[in-house]
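Following the hints, position chain D against chain S.
Sequence order for the protein chains is S and D. Residue numbers are given in our numbering: position 555 of the first sequence equals residue 555, and the series is strictly consecutive. Residue numbers are given in our numbering: position 162 of the second sequence equals residue 162, and the series is strictly consecutive.
In case anyone wonders, no lab produced these hints; they're calculated from the structure. Glycine included, every Cβ here is placed at the ideal spot set by N, Cα and C. Some clues are possibly wrong.
[Unchecked claim] Simulated restraints, written as ranges between beta carbons of each label pair:
| hint | chain 1 | residue 1 | chain 2 | residue 2 | range |
| --- | --- | --- | --- | --- | --- |
| 1 | S | ASP634 | D | GLU173 | 47 to 55 Å |
| 2 | D | SER181 | S | PHE595 | 54 to 62 Å |
| 3 | D | LEU178 | S | SER322 | 53 to 61 Å |
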Amino acid sequence: MKRRFSPAFTAQLGLTLAVCGFLIVPVVQSVVAGLTENFMVGVKSGLTLRWFVKVWGLYRETIALSILIGLACLACALLLGVPAAYAMVKRQNRLTRLFEELLVTPLAVPGLAIALALIVHYGAFTAFRRSWAFILAGHVIFTLPFMVRSVIAIMHAIRLKDLEEGAASLGAGFGRRFVQIVIPNAVPGILAGALMVFTLSIGEFNLTWMLHTPQTKTLPVGLADSYASMRLEIGSAYTIVFFLMIIPLLVAMQWVAKPRPRTFVMEAIAPATALPDRRAVFPPAADRSDEPVTGSGTALRLQGCAKTFADGTRALEPFDLSVEAGETVVILGPSGCGKTTLLRIIAGLESPDPGGRVYFGGEDVTEVPIERRNVGMVFQSYALFPNMTVAENIAYGLKVRGVDTARRNRRVSQMLEMMKIGELRNRPIDQLSGGQKQRVALARAIAIRPRVLLLDEPLTALDAKLRDALRVEIDGLLRSLGITAIYVTHDQAEAMALGDRIVVMNIARVAQVGTPREIYFAPRTRFVAEFIGTINRLKGRVQGDRLILPGGSLPLLGRVRGPADGEIELFFRPEHARLVDPGQGGLPATVAASFFMGDRTRLLLEGAAEGGLTIETAGNRCFRKGQRVEVVVDPDALLRLDA
Amino acid sequence: MENRNTLLLTAMFTPALVVFTAFFLLPLARLAVESSLGPSGVGIYIAAITTPRYLETLGYTVFLSAGVTLVTLVVSGVSGVFLARNEFRGRSLLVSLLTFPLAFPGVVVGFMIILLAGRQGLIGDITGCLFGAKVVLAYSMTGLFLGYLYFSIPRTITTLMASAEKMDRSLEEAARSLGASPWRVTRDVLIPALVPGLISSGAICFATSMGAFGTAFTLATHIDVLPIVIYTEFTLMANIAMAAALSIFLGAITWAALSVARAVAGNTVAAAG
Chain S
1 MKRRFSPAFT AQLGLTLAVC GFLIVPVVQS VVAGLTENFM VGVKSGLTLR WFVKVWGLYR
61 ETIALSILIG LACLACALLL GVPAAYAMVK RQNRLTRLFE ELLVTPLAVP GLAIALALIV
121 HYGAFTAFRR SWAFILAGHV IFTLPFMVRS VIAIMHAIRL KDLEEGAASL GAGFGRRFVQ
181 IVIPNAVPGI LAGALMVFTL SIGEFNLTWM LHTPQTKTLP VGLADSYASM RLEIGSAYTI
241 VFFLMIIPLL VAMQWVAKPR PRTFVMEAIA PATALPDRRA VFPPAADRSD EPVTGSGTAL
301 RLQGCAKTFA DGTRALEPFD LSVEAGETVV ILGPSGCGKT TLLRIIAGLE SPDPGGRVYF
361 GGEDVTEVPI ERRNVGMVFQ SYALFPNMTV AENIAYGLKV RGVDTARRNR RVSQMLEMMK
421 IGELRNRPID QLSGGQKQRV ALARAIAIRP RVLLLDEPLT ALDAKLRDAL RVEIDGLLRS
481 LGITAIYVTH DQAEAMALGD RIVVMNIARV AQVGTPREIY FAPRTRFVAE FIGTINRLKG
541 RVQGDRLILP GGSLPLLGRV RGPADGEIEL FFRPEHARLV DPGQGGLPAT VAASFFMGDR
601 TRLLLEGAAE GGLTIETAGN RCFRKGQRVE VVVDPDALLR LDA
Chain D
1 MENRNTLLLT AMFTPALVVF TAFFLLPLAR LAVESSLGPS GVGIYIAAIT TPRYLETLGY
61 TVFLSAGVTL VTLVVSGVSG VFLARNEFRG RSLLVSLLTF PLAFPGVVVG FMIILLAGRQ
121 GLIGDITGCL FGAKVVLAYS MTGLFLGYLY FSIPRTITTL MASAEKMDRS LEEAARSLGA
181 SPWRVTRDVL IPALVPGLIS SGAICFATSM GAFGTAFTLA THIDVLPIVI YTEFTLMANI
241 AMAAALSIFL GAITWAALSV ARAVAGNTVA AAG
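For reference, chain D alone in the conformation it holds in the complex:
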């Protein structure tokens, strides 16, 4: 009977495994193989990190993603804890509005930034009125930064709100009963309790930013981020080997970021429990 159940469970599990293998594992393996089939063979990876253009792009992308992650964590951390801790009129409307952009694809986010900071954008109009010169941010590094913030904040706020709600309030009350000031409570109790949530949502934020394509695509900035370079290598230059190699680089970076975060946050969680 036990064996029959094992058999049935395996049967339930197999279709997902097959589909996953066919449409994810095999293609990725093929991509890895394909990257080394170009004229320079495995040397393409060395070419990828020694060519100044690619290296510069990689640097930009990492720098941008890290910056976005940092700002997102600070902003979402404050707002998320605030929303989890306070009951006031209009709170649920505020939460709904903050999470609305959660489902926006990158292209829509790009469009939102164009509306906000583009040539006909709101910021341009306001600065035009005030200073007589239109400020256009959308197509620069700032535009990309704003766009990445735009899609990162809603996701991060929801996760951090959830972890703030799960926090044991009696810990804070205990700290206050022992004479800790609000600032000390924040530093000694609140932030340590949030750390696992901050690490994991920060890692997801970083990974998403690294791989974001739609926003940069819509904004069509002068600054190339890695996904755009992969796209142009593939479609315009037909340099499949380089596109594959860069994709694998990109995948490796995001995967590593997530694994490190999981290892670290996991340990913290275990220690706290």
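Isolated chain S, as found in the complex:
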């Protein structure tokens, strides 16, 4: 790099080195002084360790007390701070926000003032005042904010909400989630906070000087004493002891803060043959005797489920839906249409507004929380637990259900084999590619033999080619398992390929429910027609059995005949039009643009209808801009749609 030697680089390096010298030279001086016989004379007076012996004799109790208070303070900060931080992240209400504000104030109020306040308030309790617990109280107040903030930061960083919902969908209750998911994944933040708390407590002076008594002197208090009254050499030796105590803590802090190198995982695109292994799904009779792959799917019914959020937003209008056992229903709609809310109501992550009911089979599960609904859920972010391996993730739901180890292992093997990821068994989650994570997430959700499998945009995070491969795979899986599945997506191709039925949603309402073919060929509204595929609009007048357009006319069949002389709008799909040679009675148009797509050519035509037309022809034909063509539309395929 050239700029390494530029004047700017040199100047910045020079300044940094100067600052470093300013900070480190006195440290070196103190180390030298602590080891020298007589600092006034210099190193030539000889090196010695006798000052350390002196320090040990005079001050060992202060060192012990500092460590004791540091550890006690750490224990308090952990016990008070970690649960409080979790509660503050989980419950954002006025009280927790106020407390978050308040927690910062000990950083703003000087230690001296806090100490004075403690003395004024508790000075009369002499037993307390004279014990080291008095110093401890000050240290806890001073260090607690650091612990809480460190833990809050990590909890925001690890997508705690997703992980917890994942655990809940597998049946884990509140306590189990906290112990098995929240704490293990927050460890780096807790560790960083713990080191900070301990280091701060060991070195705290401002508060401690006011709070200490002759019987309760900590290390920094002793340091102050030694600086004030002793020889420079003893003060220096004592300072070296302090350095030796904090160096390991600082090294540990740097180690914790260092970002771990992430293993880069190549995305291996599954070959088309990598369909789920049906033999694994339906293993030979011998080994499937007591272990069917899934429980039989359950019928699902929603009745009048609406959802209004606390801020008054209507996320979902009252909604009814019946899903048969074993059926795959795809909820399709643009982002923000309420489809995820609907899925979360089915899952039990949200409850519907009063009056709405959710039934699994005959059972009303509206009041049942997700951890007891026995649903399998695949999250958009996968929500795989980073603190567990692939096998542990898959086994988690079974562990929660108290399945014994042998059966759990057998089930995990079965799942790994079915998803063709046997070699990933003991991998940590952060060493998986997106596609592999997706398979693990599916395996984890299916392993518990859910009554309903819920998939929330499971393929959105993957790239196009992998998405196609996995779509085929999921389709095979759902068919062979015969499981009831609700699949949420905004991708119409996914919806068409996977759904037995599709529920098209638009702005909190159902736009249409039907089979993929019904939705495509007989859309009920313009929204549905335009959301699924491309549609053309012809605006004209009906005259006899022809539709009169500005550029020409088209034949109509009787059923779409509108009011005489009335304006009418008709729609058709691009593939229902074809080009004819000029003079054969087609609608004249001009090529505005042509897109070669390999198997076909897509043409944008102008002049034939208001807004232009999009039609498709064979891939081997060439068109140039401005070319005159004539279009004929299949009269059978003309649709009338509500706005």
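For chain D alone, kept in the frame of chain S given last:
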């Protein structure tokens, strides 16, 4: 179920709240009450800001803290960005050395300044050799200034390094692709991106300097800073009301500095996002 979780969360949150209230909120409230129980009642606050000695001290402390903050921000800003941007041999050692004093209590910082600029200090020795007269800075305003710099720089460098690392490098590259010179890039892209970090670490630096007690205590200078005055009022004069009043003043100033910074930096962050 939802209600049970709320209950459990409240239970997790309560112990911290209780301890915090018992050992921080109540004592502080008591301190405020105590300040007005002296012979002059609430008038003590007027006495605190009209007595020349206290006013002078307050002025010194604010002036010192503001100066230290300014110098710290410039020095740490340059070094922090430099260290975040460049990879070279010895970089991590340099960072370790720069952050080592992070954990020093104020007394140790004071001692470091005595070693550096005291009667037997390095600067004295060097100037003694060169000019025949020992320069002793440690016990003057300069000594305090050096001491405050000593504990402020490591903290500020770490925060500013972190915010420089978070910066989007493509912004700079975009500016350069549009023809901006390195100086213009610094002025138009780099510094604006650092502003929230500069404001918040500057505010923390100012607040810490205002409340620093150990350093001044060890250096035992002739110049009184506010924390030392509070300490002497309390321990030597037993003037508890005045000590309490001055503590509340000090707390109010540092708290205000931090709140203003948070409001300003917060808004900047929101606008940038």
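The hints, checked one at a time:
1. S/ASP634 x D/GLU173: 47 to 55 Å: Given a distance of about 54 Å, which is inside 47 to 55 Å, the answer is holds.
2. D/SER181 x S/PHE595: 54 to 62 Å: violated, 44 Å
3. D/LEU178 x S/SER322: 53 to 61 Å: Given range 53 to 61 Å: holds, Cβ gap about 59 Å.
Consistency with the previously given hints fails for number 2 only.
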